[in-house]
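Undergrad: Sequence:
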Amino acid sequence: MLRKISKEGMGKSNLGWLNSRFHFSFANYYNPDNINFGVLRVINDDLIEPKSGFDSHPHSDMEIISYIIDGEITHKDSMGNEEVLKRGEVQYLSAGSGIFHSEFNQHDSKILRLLQIWILPPKKSLPKLYGSYKFKKEQREDKFLNIVSSQEGEAPIKLYQDVNVYVSELKKEKKLTFDIPKNRQIYFVQIEGSSNINGIELNHGDAMEITKESMINIEAISDSHFLFIEMKEQ
Numbered sequence: 001m002l003r004k005i006s007k008e009g010m011g012k013s014n015l016g017w018l019n020s021r022f023h024f025s026f027a028n029y030y031n032p033d034n035i036n037f038g039v040l041r042v043i044n045d046d047l048i049e050p051k052s053g054f055d056s057h058p059h060s061d062m063e064i065i066s067y068i069i070d071g072e073i074t075h076k077d078s079m080g081n082e083e084v085l086k087r088g089e090v091q092y093l094s095a096g097s098g099i100f101h102s103e104f105n106q107h108d109s110k111i112l113r114l115l116q117i118w119i120l121p122p123k124k125s126l127p128k129l130y131g132s133y134k135f136k137k138e139q140r141e142d143k144f145l146n147i148v149s150s151q152e153g154e155a156p157i158k159l160y161q162d163v164n165v166y167v168s169e170l171k172k173e174k175k176l177t178f179d180i181p182k183n184r185q186i187y188f189v190q191i192e193g194s195s196n197i198n199g200i201e202l203n204h205g206d207a208m209e210i211t212k213e214s215m216i217n218i219e220a221i222s223d224s225h226f227l228f229i230e231m232k233e234q
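Following the UniProt record's numbering, the numbering of the sequence shown begins with 1 at its first residue and continues without gaps.
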């Protein structure tokens with residue numbers, strides 16, 4: 001079953017320095033019928049103005065992935081980590097019993113766009129994890145790049161939860177096919193451009209819930225940049 005989620009129907013917030021689109025209930029957007037999709041709790045499509053960002057704040061018992069789309073993010077945390085990440089690069093943490101971190105756009109003029117993804121861990125108070133990975137564009141051009149997996153998986157970034165996160169930049173009219181394992185489901189995010197997914201068109205900012213399917217066929221209508229999370233059915 002394929003359920004298209006138009007960007008126009010998502011939650012929205014504009015704080016001046018931060019303009020966000022919420023895929024699931026978050027902050028001032030609350031919809032009791034849209035809390036999560038399986039273990040996926042949050043996807044926020046954030047635009048952060050230059051010289052602004054999130055001051056140090058706590059997280060616990062959540063696995064968090066930041067996928068950078070445009071601009072650059074400066075990360076600092078209570079574990080002593082500090083670094084700058086750019087387009088296609090990924091920062092992640094498993095907060096365990098608690099961690100503080102800040103995220104800023106220190107650029108003088110360029111807006112930062114990122115996807116912030118929160119995944120529920122398999123249990124509470126797991127050991128903390130932090131890391132990043134600086135993927136190259138050629139790794140995701142016209143193919144799937146598995147950027148996140150479980151500890152038993154093969155992706156460079158390993159979380160505790162049983163998920164796989166894939167990204168791709170697919171040139172216009174190119175096609176890819178993804179076989180969905182039995183009893184698994186997918187949440188698909190069209191980051192840039194447009195795609196045809198099993199006959200349904202997704203445009204910039206749209207999303208799709210994919211359940212009870214064995215395969216998805218993806219065709220780039222225009223140059224297309226997308227991300228999807230594959231997980232157990234729930």
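By construction, these hints were calculated from the structure, which means they are not laboratory data. Bear in mind the structure is a predicted one, so any value in this text is a computation, not a measurement. Note that beta-carbon positions come from the ideal geometry of N, C-alpha and C, so glycine has one too. You may find that some hints are simply not true.
Unchecked claim - Distance ranges between label pairs, derived from CB positions:
id, residue 1, residue 2, range
1, Asp-33, His-204, 17 to 27 Å
2, Glu-173, Trp-17, 33 to 43 Å
3, Lys-137, Glu-201, 32 to 42 Å
4, Asp-142, Ile-180, 37 to 47 Å
What the hints assert, rightly or not - Listed below are the simulated EDC-like cross-link pairs for lysine to aspartate or glutamate, each with C-alpha atoms no more than 16 Å apart in a straight line:
id, residue 1, residue 2
5, Lys-171, Glu-192
6, Lys-134, Asp-61
7, Lys-7, Glu-201
8, Lys-172, Glu-141
9, Lys-51, Glu-72
10, Lys-137, Asp-223
11, Lys-110, Glu-72
12, Lys-128, Asp-223
Undergrad: Run every hint past the structure and note whether it holds.
TA: Here is how each hint holds up against the structure:
no., hint, verdict
1, Asp-33 to His-204: 17 to 27 Å, "25 Å, holds"
2, Glu-173 to Trp-17: 33 to 43 Å, "39 Å, holds"
3, Lys-137 to Glu-201: 32 to 42 Å, "25 Å, violated"
4, Asp-142 to Ile-180: 37 to 47 Å, "20 Å, violated"
5, Lys-171 to Glu-192, "11 Å, holds"
6, Lys-134 to Asp-61, "25 Å, violated"
7, Lys-7 to Glu-201, "13 Å, holds"
8, Lys-172 to Glu-141, "12 Å, holds"
9, Lys-51 to Glu-72, "11 Å, holds"
10, Lys-137 to Asp-223, "14 Å, holds"
11, Lys-110 to Glu-72, "8 Å, holds"
12, Lys-128 to Asp-223, "38 Å, violated"
Of the numbered hints stated above, those contradicted by the structure are hints 3, 4, 6 and 12, listed in ascending order.
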